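Asks: This is what each chain is made of:
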Amino acid sequence: MALAGLTMTVPPGEAFGFLGPNGAGKTTAVKLLLGLTAPTSGEGWVLGRPLGDRETRRRIGYLPELFRYQPWLSAREVLALHCELAGLPRSSWRAEVQAALEIVDLAGRAEDRVGTFSKGMQQRLGLGAALLGKPELVFLDEPTSALDPVGRHDVRQIIHSLKEKGTAVFLNSHLLTEVEMVCDRVAIVDHGRVVASGTLDELLGGHAVRIRVTGLKPSERASLTGFGDLDDDGEWLTVRGLDPERVPELVAEVVRLGGRVYQVEPRHQTLEDRFLQLLGAR
Amino acid sequence: MPPVLVFARLTLREARRRRLLLALLILTLIMVASTTWGFSRLWDIRVNGRPPGATFVRTTASQIMILVAFMFTTVIGLAATVVSSPSISGDLESGQALSMLARPIRRADLLLGKWLGFVAMVVVYTGGAAALEMLTVDWVTGYTPPHPLAFVAFTSSVGIALVTLSMALSTRLSGLVGGVIALVGFFMSWIGGIVGSIGLALNNQPLIDAGAVSRLILPADGLWRGAIWSLEPALVIAGVRAAGPGAASNPFFAADPPPTLYLAWCVVWVLGLLALAFWSLRTREI
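Going down the list, the sequences are from chains V and F.
Mind the numbering: the first sequence is residues 291 to 572 in the numbering used here, read in order.
Mind the numbering: the second sequence is residues 75 to 360 in the numbering used here, read in order.
A couple of the hints might just be wrong.
[Stated by the list, open to error] Quick list of simulated restraints, FRET-style, between CB atoms:
1. F/202 with V/303: 54 to 60 Å
2. V/344 with F/265: 44 to 50 Å
3. F/75 with V/446: 33 to 39 Å
If you are wondering where the hints come from, they were derived from the structure by calculation, not from laboratory data.
These figures come from a predicted structure and were not determined experimentally.
C-beta: ideal position from N, C-alpha, C; glycine also.
Excised from the complex, chain F in its bound form:
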């Protein structure tokens, strides 16, 4: 097996042995069970004293699901950062890297292998948890998001962006420092997105630009917008559009997916940061 895949497998094995996967599984089951119970209670709402119709329940479920997805994406972002930020620095500080890098492998093998391991964890966890949540919501409300695969792709991409940033920082900084920087970046990106939404509501170009710049610096919020769009039913999109730009500036609403050019930028951003991380690890003393 190529060394890259050896390290990817090692990363997954570490997550399993350290019971990270078990902890995530238990927490996810609790989260899905509790939210499913909440969704099922939508049928208890009375509209003018009468039971709600299926359209009302499904539309309401779609908006609540966006809030659940927001919590879910935040958890993925936090977990991806916390788990990956000490990955390289931890190996270097503990000395584990010394014996491994003295073998006939490249330093890039270690970095790329761990990155692949974390990416696999993010994608599998996001896909599994999202599928479970969507299936149970469909079961109790009859609502299915319009673009479930796109949701998994966008939400995974938020995790991948944060894993890449954390690992790049981890080549030079301790896990604590790198993790704090990545988390601050994550939240600043999110706040930057809200600032952009406020700018849109107030028709204020500098605020709109600030939001756009923050999405370029760290594409977490930009990708989260894609995740929102993937959950938004056409009925809601049409309604909000009709209500004008004020309603459309809601930070939990996205009428369109991110432009292809922006998605291309996200790919360049991840690849560029990975290249920087390779260079950083290759040129440092072990």
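For reference, chain V alone in the conformation it holds in the complex:
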């Protein structure tokens, strides 16, 4: 069994990051949601319709992890083909194709055969195809795997723009920093099961601050628990779950207690920290 008991909510206008190590079942989940793979048992719904519902696919865009398009067609022809397969009105094709080409920065290569494209350009083309018809939900499976840093930045901008337009984005990735930059919610999957999910703040435990301080007695250090969860390793005092607005208040209290403050630095757990922590505990 590749997947079991997955429940995920991706509201309109939000990006949902689906994370997991290689072989965790991320791509299988996306294929199940698109009806490309049938579940061995159980049921599921996407956009309020059962898995595999053909009509629902009119409202969905998809960039597969394995992105390949007819090398003997031009970029414009590939997009027109997808307009036709998506059932878009013929009168809208021209504008849809042109808009997609411009969004993914391929307008200058629109008439070139896809066979002459680099992998990165083919991935851009796939992203353009996924955006045709203004879908309500877009599945992006490792959308930047073949892109250079500029391309990755562009994809982040595209995802932000989709969110602004109210599109729900399901981002399947193992590039954690990228997910952290664009996603509102995250689920971490391992061995086909969700091991953690929620907003980034929920998952990462909010903000923290580290203070390098001397001159405080243990009891005085312990009295700071009112500011948040304390992690005292002697030289450094870490306070977790602290509202950033209260950092000056914390420092003032340390000074009032007679402490000598050398350094104050905001600290928050990265998604990578949390990811490794969760998967290390499996």
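Use these hints to put chain F onto chain V, whose structure you have.
Replies: What follows is chain F alone, placed relative to chain V:
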């Protein structure tokens, strides 16, 4: 346009863009030109030191045309298999199918559309090449086969049978493996037909039965017999019949068209295999 026709058009467009149609056109023109030259030389034959009569030339042309048709049918069978065997598996392996099948279409649309595209290619190519060959042969020898449309229908059907088999295999096997299996089936069917002819000559029932079974398993040879019949002049049929069963067992001779029941079986065979292919593609992971 319905998705089925979109994929049929895409298949034809791919053949054109990849220059398959151009290659076939050039090879066919070379083949027709060279065979026409050969047919025209029939008038140079001397019978007892005298130029041949029109009946001699036309009868000889009819038998040579059967040999040309054999080569032609083999080329169609090979080309149909080689072109269609990677059709579905290639799309699945490359990932092209992923983005297309995520659209609001059925998997059957992809399969049926491609099948229709290949069938259209087979029929148009067979019709065009056969018409060209027959017209030039008529021009240089004055011979026209008795059933030219039936020839196109039977020869196209050989190609359609092989396209269907290759595509059904392509839903589960790689293009290479599926193509090899289909080609082996094609040649085994042909050899099975010859075995049946030998059985007829020797009046050996097990060999006759083996030939009949091979024609049922893969109807390539059975349909090829129909193509031979369509080219056979009545004069030759009457002559061979008069010569007895030994002569009639010649694998390049057919006195009668395939029975209607056999043709019905061919239709069932193609439709059944298509249904199997639909099921196979529908139930596999993409």
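Asks: Now tell me, hint by hint, if it's right for this structure.
Replies: Status of each hint after checking the structure:
no.	hint	in the structure
1	F/202 with V/303: 54 to 60 Å	holds (57 Å)
2	V/344 with F/265: 44 to 50 Å	holds (45 Å)
3	F/75 with V/446: 33 to 39 Å	holds (37 Å)
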